[in-house]
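Undergrad: Construct all of the structure, not just a fragment, from the sequences and the given hints.
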Amino acid sequence: MFFSFHVNDALQIFHQMGVVYKCLPNAFSYDYLVHGLCAQGRSMNAQELYGEMKSNGFVLSRKAYNSLVNCLAIGGEVDEAVWILWEMEEMKQAVDSITYQTVVDALGRQGRVEEAVRLLRQLREKELLDGQM
1 MFFSFHVNDA LQIFHQMGVV YKCLPNAFSY DYLVHGLCAQ GRSMNAQELY GEMKSNGFVL
61 SRKAYNSLVN CLAIGGEVDE AVWILWEMEE MKQAVDSITY QTVVDALGRQ GRVEEAVRLL
121 RQLREKELLD GQM
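The opening residue of the sequence shown carries number 1 in the UniProt record's numbering; numbering runs sequentially from there.
Hints listed in this document are in silico derivations from the structure and should not be mistaken for laboratory results.
Check the hints yourself; a few may be wrong.
Unchecked claim - Here are the computed lysine-lysine pairs in the DSBU-like style, where the Cα-Cα straight-line distance is at most 35 Å:
| id | residue 1 | residue 2 |
| --- | --- | --- |
| 1 | LYS92 | LYS54 |
| 2 | LYS126 | LYS54 |
| 3 | LYS92 | LYS22 |
| 4 | LYS63 | LYS22 |
TA: See below:
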């Protein structure tokens with residue numbers, strides 16, 4: 001609950017930055033909020049902010065990307081998680097082992113075992129796996 005209060009306060013300040021504080025958000029402020037929203041399981045809010053961030057020309061950090069992929073996969077939004085996972089690769093952001101394991105596990109829980117195996121093969125071919133799987 002304590003963390004939730006801080007993220008909501010940060011969002012309020014974030015949305016007032018240009019008007020009240022006469023400054024624009026930067027990549028760090030977007031990263032912080034995406035990561036915080038994901039930590040609360042607020043994937044829809046995180047995705048909206050992520051879309052805004054992209055349209056403003058910013059790129060998520062590795063940490064925020066991994067948070068978003070994990071949040072989506074755990075929340076059952078596996079297709080979105082896989083899409084973001086490939087975007088991470090495109091943006092040259094390292095995928096950590098927890099992230100790809102979470103996506104593979106989520107695919108398996110949905111009975112999409114063949115897709116999980118195919119994803120693992122693709123990650124191996126692109127040398128994105130660290131050999132743990």
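Undergrad: Checking one constraint from the list: CA of LYS63 to CA of LYS22, max 35 Å. Satisfied?
TA: holds, 28 Å
Undergrad: Do the alpha carbons of LYS92 and LYS54 lie within 35 Å of each other, as the hint requires?
TA: OK: LYS92 and LYS54 at ~15 Å, within 35 Å.
Undergrad: Need the status of pair LYS92, LYS22: alpha-carbon distance at most 35 Å?
TA: Cα-Cα ~32 Å, so holds.
Undergrad: What's the verdict on LYS126 and LYS54, does the C-alpha distance respect the 35 Å limit or exceed it?
TA: The hint holds at about 24 Å.
Checked against the numbered hints given earlier, the structure satisfies every one of them.
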